[in-house]
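Number of protein chains: 2
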Amino acid sequence: MLCGQPVVLQIPEGDNRQRKVCTGCDHIHYENPKNVVGCLLEWRGKVLLCKRAIEPQLGYWTLPAGFMENEESTLEGAAREAYEEATAQCDDLRLFAVYNLPRISQVYLMFYGRLRDGFAEANEETLEVGLFDESEIPWDELAFPVVTETLTRFYEMRDQRDRRVYSADILSKPGAAMDVVRHPD
Amino acid sequence: MLCGQPVVLQIPEGDNRQRKVCTGCDHIHYENPKNVVGCLLEWRGKVLLCKRAIEPQLGYWTLPAGFMENEESTLEGAAREAYEEATAQCDDLRLFAVYNLPRISQVYLMFYGRLRDGFAEANEETLEVGLFDESEIPWDELAFPVVTETLTRFYEMRDQRDRRVYSADILSKPGAAMDVVRHPD
Ligand SMILES: [Zn+2]
Ligand SMILES: [Zn+2]
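Going down the list, the sequences are from chains A and B. Note that the UniProt record's numbering gives residue 40 to position 40 of the first sequence, counting from 1, and the numbers run on in steps of one. Note that the UniProt record's numbering gives residue 118 to position 118 of the second sequence, counting from 1, and the numbers run on in steps of one.
Rather than coming from a laboratory, the hints here were simulated on the basis of the structure. For every residue, glycine included, the Cβ atom is placed at its ideal position computed from N, Cα and C. Possibly wrong hints are sitting among the right ones.
Stated by the list, open to error - Derived lysine-lysine pairs resembling DSS-like cross-links, with alpha carbons at most 27 Å apart:
no. : chain 1 : residue 1 : chain 2 : residue 2
1   : A       : 173       : A       : 51
2   : A       : 34        : B       : 34
3   : B       : 20        : A       : 20
4   : A       : 34        : A       : 51
5   : B       : 20        : B       : 34
6   : A       : 34        : B       : 20
7   : B       : 173       : B       : 51
8   : A       : 34        : B       : 173
9   : A       : 173       : B       : 34
10  : A       : 173       : A       : 34
11  : A       : 34        : A       : 20
12  : B       : 34        : A       : 20
13  : B       : 34        : B       : 173
14  : B       : 34        : B       : 51
Stated by the list, open to error - What follows is a set of in silico ranges between Cβ atoms, one per label pair, in the way DEER data are often shown:
no. : chain 1 : residue 1 : chain 2 : residue 2 : range
15  : B       : 6         : A       : 32        : 21 to 27 Å
16  : B       : 11        : A       : 18        : 28 to 34 Å
17  : A       : 174       : B       : 141       : 45 to 51 Å
18  : A       : 5         : B       : 124       : 26 to 32 Å
19  : B       : 84        : A       : 87        : 41 to 47 Å
Using the sequences and the hints, build the whole thing.
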């Protein structure tokens, strides 16, 4: 797939935009948006958050989430991330929201579910885990705007339990003012 | 990003699976699932389908859909594909379904909307466009299982108009018996 020759930018035949094309083997190296899969896990009214042990946003709190891998489903990926980032297992995961982050060419697919046995613990990717009531959420120490938006929606819609899937474009950078365009429900 | 040196498979530090790593510059070439964005467009009770002018499944009917590009949202990508494949414009697009295709490491994000002015026409990617009543859908000539599942759900749920977002794992290959695991609504 990669033969080791230099790569040039050109528009392949039948295409309408520039791609990276190998000068040795004509392999076209497409670059497409990446999916991030994650979850909001609840246990007795509290939500699981993880304090990041890695950059970016080291030391800030996040929902378990990470890049989707090949040959898994979005749901499998969300469950895998819960385990990798918080040693957590989850039940009854369902899709909660789809967020577009066009600025960084990512799509977040966030699931909602129950934290099995209320158990989670820190590991290589996480300095600390915590279960938070709504009044305890560290809003000023959340790692990413998409985490803030997911939690905000969750608490706004908590009493409705309508299994709706939310969607929004998240345009703000971490640390900057929130800039979110919600799609009609 | 690609310096032209050979690539080897190895597990990078802090990772837990093999990646393609450049022996020249240590660039890690991650491979992740790709998103396909598309839409089901309705006009006066009929649905827009396109007869494919390109492989795979040349000559079979499909909903407008294609790979999501960098720096666009899923919704923008779905609208772009409608234009690229059927010269069609759309109104009131909203997310209709998220389908996992782990066999081929793809995620489909399918939108529902109205076909503006009922206008569509064939182009480089499409041999023929058509507006079909439910009784006219060419079920045996649909290009992909994900198209069959999207149309099936659409007609099953048509009267409910509940703006639910559906989700399923699509495991079958084109032309084979349908193998679909629907997630709970
Ligand atoms: Zn090459
Ligand atoms: Zn290199």
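A quick look at each hint next to the structure:
no.: 1; hint: A:173 <-> A:51; verdict: 19 Å, holds
no.: 2; hint: A:34 <-> B:34; verdict: 7 Å, holds
no.: 3; hint: B:20 <-> A:20; verdict: 17 Å, holds
no.: 4; hint: A:34 <-> A:51; verdict: 23 Å, holds
no.: 5; hint: B:20 <-> B:34; verdict: 17 Å, holds
no.: 6; hint: A:34 <-> B:20; verdict: 17 Å, holds
no.: 7; hint: B:173 <-> B:51; verdict: 19 Å, holds
no.: 8; hint: A:34 <-> B:173; verdict: 24 Å, holds
no.: 9; hint: A:173 <-> B:34; verdict: 24 Å, holds
no.: 10; hint: A:173 <-> A:34; verdict: 17 Å, holds
no.: 11; hint: A:34 <-> A:20; verdict: 17 Å, holds
no.: 12; hint: B:34 <-> A:20; verdict: 17 Å, holds
no.: 13; hint: B:34 <-> B:173; verdict: 17 Å, holds
no.: 14; hint: B:34 <-> B:51; verdict: 23 Å, holds
no.: 15; hint: B:6 <-> A:32: 21 to 27 Å; verdict: 24 Å, holds
no.: 16; hint: B:11 <-> A:18: 28 to 34 Å; verdict: 32 Å, holds
no.: 17; hint: A:174 <-> B:141: 45 to 51 Å; verdict: 48 Å, holds
no.: 18; hint: A:5 <-> B:124: 26 to 32 Å; verdict: 30 Å, holds
no.: 19; hint: B:84 <-> A:87: 41 to 47 Å; verdict: 45 Å, holds
Hint violations for this structure: none, all hints satisfied.
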